[in-house]
Each structure stands twice: as structure tokens, then as C-alpha cells.
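Residue numbers (the working numbering), protein chains in the order written: chain A, 601 to 752; chain B, 174 to 312.
Fair warning: there could be bad hints in the mix.
Unchecked claim - Derived lysine-lysine pairs resembling DSSO-like cross-links, with alpha carbons at most 30 angstroms apart:
1) B:Lys206 - A:Lys721
2) A:Lys628 - B:Lys290
3) A:Lys628 - B:Lys235
4) A:Lys629 - B:Lys235
5) B:Lys206 - A:Lys602
6) A:Lys629 - B:Lys231
7) A:Lys716 - B:Lys206
8) A:Lys628 - B:Lys231
9) B:Lys290 - A:Lys629
10) B:Lys290 - B:Lys235
To be verified - Computed beta-carbon distance windows for the label pairs:
11) B:Pro263 - A:Val621: 25 to 33 angstroms
12) B:Leu201 - A:Ala687: 36 to 44 angstroms
13) A:Leu688 - B:Val237: 22 to 30 angstroms
14) B:Val237 - A:Gly649: 15 to 23 angstroms
15) A:Gly656 - B:Leu277: 38 to 46 angstroms
16) A:Gly649 - B:Leu180: 31 to 39 angstroms
17) A:Ser709 - B:Gly238: 33 to 41 angstroms
18) B:Phe300 - A:Leu688: 21 to 29 angstroms
19) A:Leu609 - B:Ala241: 22 to 30 angstroms
20) B:Gly238 - A:Leu719: 44 to 52 angstroms
21) B:Phe300 - A:Leu609: 19 to 27 angstroms
22) B:Lys290 - A:Lys628: 16 to 24 angstroms
Keep in mind that the hints were calculated from the coordinates and are not lab data. Just so we're clear, the structure is a prediction, and the values are computed from it rather than from any experiment. Glycine is no exception: its CB is placed at the ideal position from the N, C-alpha and C atoms.
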Amino acid sequence: MKLAVLMCLAGALCFGLMACVSKLAERKKCNTSALVVWIFAWATLFMAGQSFRLAGKFQLTGPVVGLAVGLGICAAVGYFAFQSSIALGKVTVAWLMMNLSAGVPALVSIYLYGEKMSLLKSIAFTLALVALLCLFQGNRLETRVNASGEAA
Amino acid sequence: MWLLLMLVILLTNGMSSFGLKVLPAWGLPSSLKYPYLTLWYAAGLVCIALPLLLRGWKSGWKEVGWGALLAGLSMGGQLAMANALQSGLPGNVVFPVTIGGSILIVAVAGRLFFAEKLHPLSWTGVFLGGLSVVLLSVS
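Just chain A, same shape as in the assembly:
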């Protein structure tokens, strides 16, 4: 159990560092598109290796191929948008947005699979909505303060 908790913390550290390294790469003036291309290239290489090692074959049906292609494009566009946004705004807010986006498939599966909207989920969605309003309004106020500071 101790190892499981350590693994859990290692996961948090890896994901947290991922956002920080993205910000560092932006500060080092890495080309955003090229960076995303290389992230996906390395990950494709690793996953292909794992597929051949564990499954030994590569058989996918038409609907699964369609799903993988469509959602893979979503992932690339999402990470490209994240990497572009940290050049314009705060990494803290962009990373939170990456994680808040988990609410979208939760909403979709409520609609598609008729999953129950529990009290906990309702509270989570309400909090997410209030958080988004606070973040967008906060960003507007920061921009206004910065603009007035530059004008003065």
C-alpha cells in the first residue's frame, strides 16, 4: 500500500512537472507546433513498441480506427492550444483548464449512456462553472490593470 501511495504521488509530480516543463520550453522559445509534433512522435513510437510487445498484432475495426483518429486529433489540438496559451497567459490557469476539461466527457457520458447525475457530480459541475466565471473575470481584471499600468 505504501508503494501505491508513492506511485500516486509520483503521478502527481510527473503531471505537474509536465506543465512546468511546457512553460520552460515556451521560455526557451521552442516552436509550439514542432514541440507538439515531437511529443506525439515519441509517444507514438513508445506505444507502437508496447503494442507489438504485448499484443503482437495490430488489428483494429473501422469504428475503433475512426474513434482513435478523431480523438487523437482532439488531443493534439488541445495540447497545441495549451502550449500556445502559456505564451499569452498563466500556466496555472491553462493547466487547470486542461484538468477541468475532464468534465466535458463526464457530461457527454451522462447524455450518451444515461449515467445518473449524482449530487456529487452536480456540485462538481456547479463549482466548475463558478471557477470558469472567476477565471475569465479575473483574467479580464488583470488585463485591465496591466493596460492601465502601461498607460501610466
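Assemble the complex: chain A is given as a structure, and chain B must be docked to it using the hints.
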């Protein structure tokens, strides 16, 4: 522009992992996960690389190295989370700790290392958003 990027992140990033929920719902074996993820990453790669290649793009070594580091961290995080779940820790502990923990790490690093100053309203948003993500992963 920033607002538009935030909306794109919100709509695309979350949906991207939806497939891993759909595969079991279609009654497909878990061994299909790796070929599925290979194609998933390859599709993303082509989507961003194609426009670049058409413009005659040549990559620098800088992006190769940073890209490898980021890919390693992403897969390291996924593997650590999978191992924690396999070791018997319930999902309602693993997901809030890893996701909530990463948000906290980024918030602290943003303040300490990147000198990011947030408006109090934005900090409230970060706190409520973090809480919402934790609740979503528990429910």
C-alpha cells in the same frame, strides 16, 4: 485570443480521453488499449505535422529534446497512476491525488519559479476549479 484558446482546451482535451471509456462499453478487450493509443497518438502527430511539412518545415534539436522530456513525463504519469491502481489503491483516491496534486504543484511553481501574479478572483477560480476536478474524479 487567450479566451478562445481556453475554450479550445476545454472542448478538445477532455474529449480526447473519452475513447478509453467507449472501448469497454463496446465490449472490446483491454488488450486493444495499446494499438488504440498508438493510432490515437499517430493521428495527433499527423494532424500537427502535415501543415508544417507542407510549409517546408525543418525541426531543430531543441524541440526534439524538450518533446522527449514531455512525452516521458506524460507516459511516466500514466504508468505511475496505472501502477497505483494495480497495487490496490481505489480510483477515488488515485485520481483526486494525482490530478489535484498536479494542479497544486503547477500553482506553486507558477508563483515561485515563473513569477505569475494572479488576481484574487483568479486564485478563487483556481481553488474552486481544483476542488471541482477532485470531486469529478471521486464521483
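Results of checking the hints against the structure:
1. Annotation: proposed proximity of B:Lys206 to A:Lys721 holds, straight-line Cα distance about 27 angstroms (limit 30 angstroms).
2. As the CA atoms of A:Lys628 and B:Lys290 are separated by approximately 21 angstroms, the hinted pair is consistent with the 30 angstroms bound.
3. Between A:Lys628 and B:Lys235 the alpha-carbon distance is near 9 angstroms, which keeps this suggested pair within the 30 angstroms criterion.
4. A threshold of 30 angstroms between alpha carbons decides the hint, and for A:Lys629 with B:Lys235 the separation of about 9 angstroms falls inside it, so the pair holds.
5. Distance restraint check for B:Lys206 and A:Lys602: the Cα-Cα separation of roughly 28 angstroms lies within the 30 angstroms cut-off, and the hinted pair is therefore satisfied.
6. For a cut-off of 30 angstroms, the pair hint linking A:Lys629 to B:Lys231 stands: about 16 angstroms separates their Cα positions.
7. About 26 angstroms separates the Cα atoms of A:Lys716 and B:Lys206, which keeps this hinted pair within 30 angstroms; it holds.
8. For the suggested pair A:Lys628 and B:Lys231, the alpha carbons sit about 18 angstroms apart, so the restraint of at most 30 angstroms is met.
9. The straight-line distance between the Cα atoms of B:Lys290 and A:Lys629 is roughly 21 angstroms, inside the 30 angstroms bound, and the hint therefore holds.
10. Under the criterion of a C-alpha separation no larger than 30 angstroms, the hint pairing B:Lys290 with B:Lys235 is consistent with the structure, at around 29 angstroms.
11. Judged by the Cβ atoms, the range 25 to 33 angstroms given for B:Pro263 and A:Val621 holds: they are separated by roughly 30 angstroms.
12. For B:Leu201 and A:Ala687, the hinted distance range of 36 to 44 angstroms is satisfied, since their beta carbons lie about 39 angstroms from each other.
13. Distance hint for A:Leu688 and B:Val237: a CB-CB separation of about 25 angstroms, consistent with the stated range 22 to 30 angstroms.
14. Remark: the range hint 15 to 23 angstroms for B:Val237 to A:Gly649 is upheld by a beta-carbon distance near 18 angstroms.
15. Hint check: A:Gly656 to B:Leu277, Cβ distance near 41 angstroms, so the stated range 38 to 46 angstroms holds.
16. Taking the beta carbon of each, A:Gly649 and B:Leu180 are about 35 angstroms apart, inside 31 to 39 angstroms as hinted.
17. Between A:Ser709 and B:Gly238 the Cβ separation comes to about 38 angstroms, which falls inside the hinted range of 33 to 41 angstroms.
18. B:Phe300 and A:Leu688 have their C-beta atoms about 23 angstroms apart, which keeps the hinted 21 to 29 angstroms range intact.
19. Separation of A:Leu609 from B:Ala241 is about 23 angstroms and conforms to the stated range, judged on CB atoms against 22 to 30 angstroms.
20. Range check, B:Gly238 to A:Leu719: Cβ separation about 47 angstroms, and the 44 to 52 angstroms hint holds.
21. For B:Phe300 and A:Leu609, the hinted distance range of 19 to 27 angstroms is satisfied, since their beta carbons lie about 21 angstroms from each other.
22. Checked against the hint of 16 to 24 angstroms, the C-beta distance between B:Lys290 and A:Lys628 comes to roughly 22 angstroms, which is consistent with it.
Hint compliance for this structure: no hint is broken.
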